[in-house]
Amino acid sequence: MRAPKPLKKHNKQEARSHAELLLRLYLESNPEALCLVRATLQRATEVVHFPELESRAIVRSVDEALANVIRHAYKGRAGRPIEVTCRRLLGDPDSKTPSGLEIVLSDSGVPVDPKKLHGRPFEEIRPGGLGLHFMNQSMDVVEFRRKDGKNLLRMVKYLAPSQPERKPQGE
Amino acid sequence: MQIAARNSEGWVIFDISGDIDLAHSPAMRKVLLGEIKEKHTPKVFLNLKNVRYIDSSGIASLVEGLKASRDNGARLILYGLSSSVREVMELSRLQKIFEIYDSEEQALSS
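For the protein sequence lines, the chains are A and B, in the order given.
Residue numbers for the first sequence follow my numbering, beginning at 11 and rising by one.
Residue numbers for the second sequence follow my numbering, beginning at 52 and rising by one.
Take every hint as true, because none was put in to throw you off.
Derived DSS-like pairs (lysine-lysine); straight-line CA-CA distance at most 30 Å: (1) 81(B) with 85(A); (2) 85(A) with 88(B); (3) 81(B) with 94(B); (4) 85(A) with 118(B); (5) 90(B) with 147(B); (6) 94(B) with 147(B); (7) 88(B) with 100(B).
Since the hints were made in silico from the structure, they are not lab data.
Turn these sequences into a full structure, and let the hints guide you.
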């Protein structure tokens with residue numbers, strides 16, 4: 011069962027103040043670069059102690075988001091700038107803010123129309139339209155906005171609270 | 052990503068290794084559609100045992116291959132899916148539309 015998605019209840023500025031920069035990558039819109047981002051991000055999720063399944067989900071979401079930037083925002087043109095910023099959300103037990111990982115993608119491609127951002131219906135068996143589903147299924151927050159001529163995609167994955175260790179009975 | 056072919060009478064096995072992502076899925080798509088649409092091979096097997104990663108563009112290529120196989124009266128058969136590939140199939144809700152087997156032996160005898 012998935013952990014609840016508590017972000018909407020949080021003040022975004024408050025969440026940011028409890029974040030530390032883990033990683034900032036500057037890359038070009040070259041599909042060959044995606045494997046490098048996946049490998050780097052995989053390590054970042056391990057640093058934040060995500061379980062393997064969630065780690066793969068985060069890497070997959072970022073990879074799909076980058077592929078969308080290359081294909082749609084830059085229309086397949088290589089050599090255009092993309093910035094990937096990862097922050098560790100430190101969490102605060104007092105305000106019940108969970109810890110986790112925030113990833114922000116920034117590009118200077120054509121503006122994204124949020125109204126057009128919907129994957130294809132699952133019942134349609136046809137190529138395409140799956141990347142956004144992967145992101146929405148895997149991440150707790152997926153937010154698009156346009157600022158200063160750039161598309162910004164912010165994704166957050168929270169760490170589920172760790173379960174207390176069970177001691178074997180009789181010890 | 053690398054693709055190696057093993058041919059026999061009426062079938063071909065493509066042993067695929069590495070990552071099927073935006074950089075490499077066009078190559079797999081080309082091989083797959085060429086085999087089905089141009090060579091009209093009745094049975095096309097994809098050995099995905101050594102595929103570490105597949106993205107939505109890779110899944111889209113598989114779906115195209117499946118559609119082409121249905122249009123041409125051929126069969127596209129997948130086997131040896133890693134847990135990572137299986138996860139993506141499940142997320143896509145496509146695992147039931149493909150013929151999927153655990154091993155090469157099972158796939159060949161299907």
